[in-house]
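Protein sequences, first through last, are from chains V and D.
The letter at position 157 of the first sequence is residue 157 when you use UniProt numbering, and the numbering goes up by one with no holes.
The letter at position 10 of the second sequence is residue 10 when you use UniProt numbering, and the numbering goes up by one with no holes.
These are computed hints drawn from the structure, not numbers from a lab.
There may be inaccurate statements among the hints.
Straight line, CA to CA, 25 Å or less: simulated DSS-like cross-link-like pairs of lysine-lysine [stated by the list, open to error]: (1) V:K19 / D:K19; (2) V:K212 / D:K113; (3) V:K170 / D:K212; (4) D:K170 / D:K113; (5) V:K128 / D:K128; (6) D:K88 / D:K128; (7) D:K88 / D:K113; (8) V:K113 / V:K88; (9) D:K79 / V:K220; (10) V:K79 / D:K220.
Pair by pair, the computed Cβ-Cβ distance ranges are [unchecked claim]: (11) V:Q29 / D:D185: 17 to 27 Å; (12) V:E159 / D:E71: 25 to 35 Å; (13) V:Y66 / D:Q72: 49 to 59 Å; (14) D:E163 / V:K212: 25 to 35 Å; (15) V:Q72 / D:R105: 43 to 53 Å; (16) D:K113 / V:D121: 22 to 32 Å.
Beta carbons are placed, not taken as given, at the ideal position from N, Cα and C, and that holds for glycine.
Number of protein chains: 2
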Amino acid sequence: MGSGEVKRVSLAVIRRLPKYHKCLGELLQKNVERVSSQELGRILGFTASQVRQDLNNFGEFGQQGYGYNVEQLYNEIAKILGLNTEHKMVIVGAGKLGQALAGYRDFERHGFKILAMFDVDPHLVGSKVRDVPVYDMNDLIYYVNENEVDIAVIAVPRERAQEVADILSKTLVKGIWNFAPVEVDAGPNIIVENVHLLDSLLTLSYRMNESKLMERLARKNEKKTGFVKIPAE
Amino acid sequence: MGSGEVKRVSLAVIRRLPKYHKCLGELLQKNVERVSSQELGRILGFTASQVRQDLNNFGEFGQQGYGYNVEQLYNEIAKILGLNTEHKMVIVGAGKLGQALAGYRDFERHGFKILAMFDVDPHLVGSKVRDVPVYDMNDLIYYVNENEVDIAVIAVPRERAQEVADILSKTLVKGIWNFAPVEVDAGPNIIVENVHLLDSLLTLSYRMNESKLMERLARKNEKKTGFVKIPAE
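So that you can see chain V by itself, here it is in the shape it has in the complex (with noise of 0.2 Å):
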């Protein structure tokens, strides 16, 4: 990379940030001011040379032999991933599934205030859960404009998922995070985030199925080349 050229970040680094800023948090919390990138790694289980090619993506951060000031990364971090602002969000789908996202406390301490829930089902429309009302479908665009809400969960079954994105893409949203188990597409101007829940059931089973599968390859291998050889975990 030349110098003063702006590289963009790759996903996986990305998906990493979120870990490293929970840890300085923490750190935060016991009052520990500086860390290095050893002890940052030993921690969240990367090597020293990947946490400060990590953090090097986004500026020159740590200082050689001190290591890293941690209130500084950490609003650094927090800034990066955009928690310096507030962010707007309404669930679309007022369900089980967004019932129970709209009562999960966390998002909320990490500054994604939920100000709406929206249904097309009229026993739901109306109702409350936790503190958050549950609006008519049909007052999706006129509440997200009007509101500047910034974030749209979506929360219906997959067949109704895509219509959803459609509307969506009529308002002034900037991300969908997206829980149907199905892609949908709301245009070039925003950013659409899906959750696969199925992925992450099946990297369990394979994770579950591993020792097993890794026996049969090694036995494949064997019987071609008359040798075999398991590494320790």
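Model the placement of chain D on the given structure of chain V, informed by the hints.
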């Protein structure tokens, strides 16, 4: 990697496998018989060499110049993901989130059968969500062992999550799928997969913030070097 040697597969590769599986399933439904690494990569947004590298972790699938046999690769990846056997699941916590998960039909379609839910709330015990019965928490250990349940879902508030993991550590369960926003430990014999909803939300927030951030970094570099260059997307 020497011949015959089986290398542990990185978590990054594993997390991509469900995407291959899904994509191949869709090709299979369209009666596509063969697919090249270029074509697979194009659909999934990876490079062809990434595709070849990923799949090479599990043996030799493709044939130079002929591409992959779609059905064979689909079945092989299903086996790798442990989808050739049915998994029996229980959900611990029958609140909003547990009920939402019990209603999610995608899991069953992939061989993950939800047998029962467990809760401490006497108002919930005895009820049913879809066709999934809610039983008393006190019966969890007995039920799991008696019915050879291999996956337990933790869908209780964060304060109760470790307590549930402790109970599960006394069962024959092989995997825990944890939705509580806190890491849990269930001993060396149980694989834990954490669903970090907040990380996903923070990733969305980062991506919404990215162009502003990149401008800021470029300005910073410009001050230092008098030279600025922002690459095209």
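Okay, the hints, checked on the actual structure:
A threshold of 25 Å between alpha carbons decides the hint, and for V:K19 with D:K19 the separation of about 24 Å falls inside it, so the pair holds. Among the hinted pairs, V:K212 with D:K113 is consistent with the structure: their alpha-carbon atoms are about 22 Å apart, no more than 25 Å. Taken as a hint, the V:K170 and D:K212 pair is honoured in the structure, with Cα atoms around 23 Å apart against an allowance of 25 Å. Simply put, D:K170 and D:K113 have alpha-carbon atoms about 22 Å apart, close enough for the 25 Å limit, and the pair holds.
For the hint pairing V:K128 with D:K128, the CA-to-CA distance comes to about 24 Å; that is within 25 Å, so the pair holds. For a cut-off of 25 Å, the pair hint linking D:K88 to D:K128 stands: about 18 Å separates their Cα positions. Under the criterion of a C-alpha separation no larger than 25 Å, the hint pairing D:K88 with D:K113 is consistent with the structure, at around 5 Å. Using a Cα cut-off of 25 Å, the hinted pair V:K113 and V:K88 holds, with the two alpha carbons roughly 5 Å apart.
With a CA separation close to 15 Å, the supplied pair D:K79 and V:K220 stays within the 25 Å bound. A hinted pair counts as satisfied when its Cα atoms are at most 25 Å apart, and V:K79 with D:K220 qualifies at roughly 15 Å. Take V:Q29 and D:D185: their Cβ atoms lie about 21 Å apart, and the range 17 to 27 Å holds. A C-beta distance of roughly 28 Å is found between V:E159 and D:E71, which places it inside the suggested range of 25 to 35 Å.
For V:Y66 paired with D:Q72, a C-beta distance near 56 Å keeps the hint of 49 to 59 Å intact. For the hinted restraint 25 to 35 Å between D:E163 and V:K212, the CB-CB distance of approximately 31 Å keeps it satisfied. The hint said 43 to 53 Å for the Cβ distance between V:Q72 and D:R105, and at roughly 48 Å that hint holds. Distance hint check: the CB atoms of D:K113 and V:D121 are about 29 Å apart, consistent with the given range 22 to 32 Å.
In summary, the structure agrees with every hint in the numbered list given earlier.
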